[in-house]
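There are 4 protein chains.
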Amino acid sequence: SRFEYVKSFERENILLPQTHIIIRVDGKGFHKFSDFYNFEKPNDINALNIINLSAMKMMETFPDIILAYGDSDEYSFLLRKNCELFERREFKLITTFASFFSSYYQFYWNAKNSPEDQLKIDRLPTFDARAIVYPNRENIIDYFSWRQVDCHINNLYNTTFWMLVLKGGMTTQEAENRLIGTLSSDKNEILFKEFGINYNNEPEMFKKGTIYVREVNDFPIGKYRENPTIDNLQRILKRNKKSSINKYHCDLIKESFWNDRPYLFI
Amino acid sequence: SRFEYVKSFERENILLPQTHIIIRVDGKGFHKFSDFYNFEKPNDINALNIINLSAMKMMETFPDIILAYGDSDEYSFLLRKNCELFERREFKLITTFASFFSSYYQFYWNAKNSPEDQLKIDRLPTFDARAIVYPNRENIIDYFSWRQVDCHINNLYNTTFWMLVLKGGMTTQEAENRLIGTLSSDKNEILFKEFGINYNNEPEMFKKGTIYVREVNDFPIGKYRENPTIDNLQRILKRNKKSSINKYHCDLIKESFWNDRPYLFI
Amino acid sequence: SRFEYVKSFERENILLPQTHIIIRVDGKGFHKFSDFYNFEKPNDINALNIINLSAMKMMETFPDIILAYGDSDEYSFLLRKNCELFERREFKLITTFASFFSSYYQFYWNAKNSPEDQLKIDRLPTFDARAIVYPNRENIIDYFSWRQVDCHINNLYNTTFWMLVLKGGMTTQEAENRLIGTLSSDKNEILFKEFGINYNNEPEMFKKGTIYVREVNDFPIGKYRENPTIDNLQRILKRNKKSSINKYHCDLIKESFWNDRPYLFI
Amino acid sequence: SRFEYVKSFERENILLPQTHIIIRVDGKGFHKFSDFYNFEKPNDINALNIINLSAMKMMETFPDIILAYGDSDEYSFLLRKNCELFERREFKLITTFASFFSSYYQFYWNAKNSPEDQLKIDRLPTFDARAIVYPNRENIIDYFSWRQVDCHINNLYNTTFWMLVLKGGMTTQEAENRLIGTLSSDKNEILFKEFGINYNNEPEMFKKGTIYVREVNDFPIGKYRENPTIDNLQRILKRNKKSSINKYHCDLIKESFWNDRPYLFI
Ligand SMILES: Nc1nc2c(ncn2[C@H]2C[C@H](O)[C@@H](COP(=O)(O)OP(=O)(O)OP(=O)(O)O)O2)c(=O)[nH]1
Ligand SMILES: Nc1nc2c(ncn2[C@H]2C[C@H](O)[C@@H](COP(=O)(O)OP(=O)(O)OP(=O)(O)O)O2)c(=O)[nH]1
Ligand SMILES: Nc1nc2c(ncn2[C@H]2C[C@H](O)[C@@H](COP(=O)(O)OP(=O)(O)OP(=O)(O)O)O2)c(=O)[nH]1
Ligand SMILES: Nc1nc2c(ncn2[C@H]2C[C@H](O)[C@@H](COP(=O)(O)OP(=O)(O)OP(=O)(O)O)O2)c(=O)[nH]1
Ligand SMILES: O=P(O)(O)OP(=O)(O)OP(=O)(O)O
Ligand SMILES: O=P(O)(O)OP(=O)(O)OP(=O)(O)O
Ligand SMILES: O=P(O)(O)OP(=O)(O)OP(=O)(O)O
Ligand SMILES: O=P(O)(O)OP(=O)(O)OP(=O)(O)O
Ligand SMILES: [Mg+2]
Ligand SMILES: [Mg+2]
Ligand SMILES: [Mg+2]
Ligand SMILES: [Mg+2]
Ligand SMILES: [Mg+2]
Ligand SMILES: [Mg+2]
Ligand SMILES: [Mg+2]
Ligand SMILES: [Mg+2]
Ligand SMILES: [Mg+2]
Ligand SMILES: [Mg+2]
Ligand SMILES: [Mg+2]
Ligand SMILES: [Mg+2]
Chain A
25 SRFEYVKSFE
35 RENILLPQTH
45 IIIRVDGKGF
55 HKFSDFYNFE
65 KPNDINALNI
75 INLSAMKMME
85 TFPDIILAYG
95 DSDEYSFLLR
105 KNCELFERRE
115 FKLITTFASF
125 FSSYYQFYWN
135 AKNSPEDQLK
145 IDRLPTFDAR
155 AIVYPNRENI
165 IDYFSWRQVD
175 CHINNLYNTT
185 FWMLVLKGGM
195 TTQEAENRLI
205 GTLSSDKNEI
215 LFKEFGINYN
225 NEPEMFKKGT
235 IYVREVNDFP
245 IGKYRENPTI
255 DNLQRILKRN
265 KKSSINKYHC
275 DLIKESFWND
285 RPYLFI
Chain B
25 SRFEYVKSFE
35 RENILLPQTH
45 IIIRVDGKGF
55 HKFSDFYNFE
65 KPNDINALNI
75 INLSAMKMME
85 TFPDIILAYG
95 DSDEYSFLLR
105 KNCELFERRE
115 FKLITTFASF
125 FSSYYQFYWN
135 AKNSPEDQLK
145 IDRLPTFDAR
155 AIVYPNRENI
165 IDYFSWRQVD
175 CHINNLYNTT
185 FWMLVLKGGM
195 TTQEAENRLI
205 GTLSSDKNEI
215 LFKEFGINYN
225 NEPEMFKKGT
235 IYVREVNDFP
245 IGKYRENPTI
255 DNLQRILKRN
265 KKSSINKYHC
275 DLIKESFWND
285 RPYLFI
Chain C
25 SRFEYVKSFE
35 RENILLPQTH
45 IIIRVDGKGF
55 HKFSDFYNFE
65 KPNDINALNI
75 INLSAMKMME
85 TFPDIILAYG
95 DSDEYSFLLR
105 KNCELFERRE
115 FKLITTFASF
125 FSSYYQFYWN
135 AKNSPEDQLK
145 IDRLPTFDAR
155 AIVYPNRENI
165 IDYFSWRQVD
175 CHINNLYNTT
185 FWMLVLKGGM
195 TTQEAENRLI
205 GTLSSDKNEI
215 LFKEFGINYN
225 NEPEMFKKGT
235 IYVREVNDFP
245 IGKYRENPTI
255 DNLQRILKRN
265 KKSSINKYHC
275 DLIKESFWND
285 RPYLFI
Chain D
25 SRFEYVKSFE
35 RENILLPQTH
45 IIIRVDGKGF
55 HKFSDFYNFE
65 KPNDINALNI
75 INLSAMKMME
85 TFPDIILAYG
95 DSDEYSFLLR
105 KNCELFERRE
115 FKLITTFASF
125 FSSYYQFYWN
135 AKNSPEDQLK
145 IDRLPTFDAR
155 AIVYPNRENI
165 IDYFSWRQVD
175 CHINNLYNTT
185 FWMLVLKGGM
195 TTQEAENRLI
205 GTLSSDKNEI
215 LFKEFGINYN
225 NEPEMFKKGT
235 IYVREVNDFP
245 IGKYRENPTI
255 DNLQRILKRN
265 KKSSINKYHC
275 DLIKESFWND
285 RPYLFI
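Protein chains in written order, with the numbering used here: chain A, 25 to 290; chain B, 25 to 290; chain C, 25 to 290; chain D, 25 to 290.
Don't take every hint at face value.
Any copy will do: because identical chains look the same in the list, a pair fits if it lies in one copy or spans two.
Below, computed lysine to any residue pairings styled on SDA-like, alpha-carbon distance capped at 25 Å [unchecked claim]:
hint, residue 1, residue 2
1, K31, I290
2, K144, K217
3, K265, T195
4, K144, K191
5, K65, R263
6, K65, R259
7, K52, Y223
8, K81, D97
9, K191, R285
The set of hints was computed from the structure by calculation and includes no laboratory data.
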């Protein structure tokens with residue numbers, strides 16, 4: 025028809041080939057959302073389980089995702105470098121991730137909660153999404169380190185803050201004032217001295233967030249290290265094709281996590 | 025932390041100011057989705073009601089949407105020209121629309137269907153989304169005309185196709201072959217001569233799709249026509265601030281639809 | 025060859041169809057350039073003639089340019105709305121404009137100056153370029169008004185500044201201090217009271233910049249105004265095909281300039 | 025002024041950080057340009073010298089350029105990975121390169137040619153420019169290999185073609201037909217058997233194009249190879265700061281060229 029010309033106004037962003045794509049989703053207005061559904065403070069295990077299930081399901085749905093990291097109301101997904109999903113069309117990738125993630129979250133929420141705690145139409149969990157491309161391995165490690173440091177800082181703050189309020193009897197305003205200008209060591213001390221809490225003993229999931237990795241089963245890291253080349257890596261992968269998705273709450277900032285899984289970068 | 029530099033790799037697309045933004049969502053793999061949940065062929069009223077409810081809820085959620093048009097598994101949303109939602113950041117806009125639309129659809133589906141027809145985790149309704157910007161009024165009319173012509177063409181085809189199969193006893197392959205190269209008039213004739221169906225009498229929702237418009241209540245179109253300038257229009261709107269969202273299945277291609285609602289373009 | 029894949033890393037920006045494209049070029053480091061070649065202060069007629077000749081030549085070279093406006097070391101070119109030059113590929117458009125404009129400027133400079141004033145390899149005139157798209161007529165008028173206001177402000181400042189220095193015996197620092205916080209009226213008064221200069225009598229080219237317009241010869245504006253529609257305009261243009269490029273130093277901010285030339289916007 | 029809002033319609037492309045930027049310029053319509061100025065066929069040494077001088081001058085002007093490769097009417101410039109020229113703003117980069125390159129070419133042409141061979145206003149040398157970013161070392165090698173293979177293929181074709189025409193007495197149409205479907209080996213044979221030309225003995229500049237490299241003086245490649253890490257490389261560079269721009273017509277496709285200059289990739 026004579027109207028078809030309007031289609032030509034569409035544009036595409038093709039994400040740069042041979043770069044590592046990360047897609048991060050983040051809950052929209054989860055401050056209010058967590059209030060509305062009475063999340064435990066500072067960490068609601070139930071809600072974390074649901075966002076984790078959703079992330080795990082994303083990995084099952086999209087084989088190009090090789091690693092996922094999340095905490096609070098956000099998750100970051102690393103796609104394999106040679107990913108050709110939607111021919112790397114950015115709009116398709118990010119809207120599809122936003123749509124699936126929201127859908128899984130809603131589904132699992134209702135499945136894991138009792139009838140009286142089902143989601144309400146005017147307060148559904150929704151997520152924005154963005155894609156970022158990184159040229160090299162170092163950037164990827166730095167990216168996930170950035171998110172994990174952020175998780176740590178927020179969690180230490182929130183843990184102390186809510187102790188002051190819930191156990192210490194402060195108002196939220198008083199707690200906020202108390203924490204202005206404090207260092208990590210100060211917060212650790214407040215927790216320990218005033219509430220007998222050793223922050224190190226807090227649950228790993230709260231302190232470190234959650235990692236899912238698509239791991240090559242029984243990857244012979246020793247054999248790889250004998251000859252750490254791409255060719256050798258590819259030869260090893262040809263013989264070790266089986267993989268599974270595993271869950272961790274470990275340290276991502278240490279290089280060893282990445283050194284042990286060289287296949288994440290090819 | 026020393027990792028923060030990774031944030032600087034993010035980019036933004038700001039949609040051109042003073043243009044009309046249209047965001048179109050489209051169901052992912054609804055061919056399979058409609059099969060899986062046994063949609064009526066060619067049109068499942070139940071499913072159409074659900075997508076329409078979702079679109080209506082979008083309009084309530086986002087006051088910047090002034091018109092929505094949809095059929096099959098898609099909906100197009102027109103935002104007001106001076107919309108500043110998310111400062112016109114494209115990624116935020118499209119991922120938020122994809123996320124909300126999927127969320128509403130899942131919610132309404134489960135609300136409107138019986139317990140045995142609830143959605144399954146491996147077949148959730150998801151949607152991609154894209155934004156397109158148009159510089160002028162004519163483009164907007166042409167855009168919606170394009171979608172409505174598409175609706176008409178598909179519906180006439182599907183109606184005839186499924187008549188041939190469901191009533192005419194053809195296999196889907198035979199029906200397809202029968203329709204190759206046929207004109208609209210041929211399909212109208214098949215429907216009428218072979219199945220006694222006057223296509224004109226088919227439900228308007230199937231033939232024309234569904235329109236939601238945010239309408240100024242009792243807009244004095246006569247007063248506007250006496251002096252069809254932006255200044256006059258703005259003066260009128262100052263006195264007529266109340267609006268409501270109304271639903272139609274009417275012709276969008278005729279200029280009169282748009283002439284009657286000059287406020288859609290400012 | 026196995027290397028061809030590298031070509032696929034190229035990207036394109038297609039400028040939004042049916043918008044008005046403006047390309048602005050601006051001299052790189054003309055502060056130093058004008059010093060090096062001893063420009064008259066504040067306005068070097070010779071240099072202005074050369075940049076004007078270059079702009080005029082651009083219009084002869086690219087029939088899609090319908091208007092050009094320039095002052096100081098910059099020029100803005102308006103392309104016709106339905107321009108398809110390089111299929112509206114932004115990179116091609118802006119690099120071609122930067123290249124041609126620099127080339128013409130160098131050529132005319134050497135042609136119009138004496139052998140001892142020829143350009144030196146380490147101080148050649150170069151220009152950056154950028155494209156901006158605007159959706160409507162009003163934006164275009166505002167754009168050129170913006171540039172002309174800028175010309176006026178700079179010229180009034182520069183005229184006063186250099187009077188204070190060259191005639192008033194101030195150092196450049198003293199002149200700068202003297203002008204801090206002054207209004208237009210203050211500068212007019214300084215010029216008049218201290219130097220007997222009526223700013224209004226300054227050359228129009230300095231005050232208003234230079235405009236080239238591709239004008240329809242003997243455009244019957246009366247006939248157009250009887251029926252100011254696009255159809256009528258197109259009918260008139262079919263009968264009046266001859267055009268010529270004319271030069272002005274007039275006011276662009278007054279609507280009349282644009283009202284008299286309705287063909288600039290189609 | 026109330027017009028300033030138009031500035032907000034400008035957009036920027038920031039080239040992805042930590043990627044290698046290549047900017048390629050290519051002569052506009054050099055088919056006609058070379059005809060007009062009577063270039064020698066297939067290779068005009070004079071013209072090649074001028075384009076080479078222009079490229080060399082680019083490297084002196086922009087210290088971020090670390091390597092340049094060119095042949096025919098094109099040149100590709102490799103910028104150092106951490107280049108921050110114009111904050112990596114794409115439009116600034118490509119228009120500046122187009123402008124400078126055109127300017128240098130015009131300058132050198134007129135400087136190196138006799139008064140009767142000076143450039144004419146209606147046939148000035150102009151260049152488009154584009155930027156491409158590559159994530160890794162291998163891409164860069166492949167990019168320059170791609171250009172050098174292209175140079176080789178074109179030069180072998182052109183050499184044979186013009187032999188057939190200029191020495192073999194064929195029309196250009198006959199020569200074209202003769203070469204359709206021929207392999208490299210066929211063309212080598214035509215040159216040798218029919219014209220006594222051993223293609224291997226043709227000038228290296230024609231066969232391989234021209235390379236400029238910003239080289240670290242007396243780079244102790246042995247010391248680097250003892251410990252081929254970035255840290256060691258950076259330590260070596262701290263002690264060897266002097267560099268010079270050298271010219272080659274050698275093979276870029278062999279890895280050794282790149283292995284000998286590890287500093288090109290940091
Ligand atoms: N109480 C509680 N709150 C949580 C939990 N997880 C996340 N939240 C809340 C705390 C934060 O206010 C919020 C996440 O912060 P964001 O920066 O993403 O802000 P928010 O989602 O409100 O706004 P946004 O739409 O992302 O800009 O979610 C939890 O386990 N327990
Ligand atoms: N039976 C039936 N099918 C419908 C109805 N509405 C939509 N569909 C199906 C028919 C089409 O196969 C499909 C919509 O076409 P699309 O071009 O959007 O394709 P699809 O969603 O399969 O793929 P996509 O992911 O959009 O590329 O949805 C309905 O009311 N009844
Ligand atoms: N004396 C004199 N100077 C002029 C004349 N026309 C332009 N200029 C100088 C004055 C300004 O310093 C300069 C133009 O200002 P710009 O903002 O374009 O700065 P400039 O080109 O130095 O830097 P840029 O590379 O554009 O960021 O050119 C003239 O006729 N006479
Ligand atoms: N006779 C002769 N011609 C040359 C020489 N160097 C380049 N040329 C001509 C041959 C080609 O026709 C032309 C370069 O090819 P291009 O693909 O760049 O085409 P052209 O510049 O004509 O068009 P364009 O504006 O780049 O699309 O320049 C030379 O040394 N001698
Ligand atoms: O944590 P982010 O990156 O989402 O930061 P933000 O401040 O929420 O910014 P944005 O508007 O980009 O989501
Ligand atoms: O109908 P559209 O525009 O979605 O067309 P498509 O063929 O599905 O293309 P796309 O891959 O852009 O969704
Ligand atoms: O006058 P402009 O728009 O060139 O402004 P600028 O301050 O020179 O900025 P830019 O770096 O975009 O040329
Ligand atoms: O050799 P290129 O890349 O310039 O190829 P082209 O066919 O000239 O294409 P373009 O229009 O991108 O210059
Ligand atoms: Mg955010
Ligand atoms: Mg959030
Ligand atoms: Mg968050
Ligand atoms: Mg589609
Ligand atoms: Mg679909
Ligand atoms: Mg569809
Ligand atoms: Mg500037
Ligand atoms: Mg300048
Ligand atoms: Mg300037
Ligand atoms: Mg080209
Ligand atoms: Mg060329
Ligand atoms: Mg070329």
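request  = State the violated hints by number, sorted upward, taking the hints as numbered earlier in the document.
outcome  = 2, 3, 4, 5, 6, 7, 9
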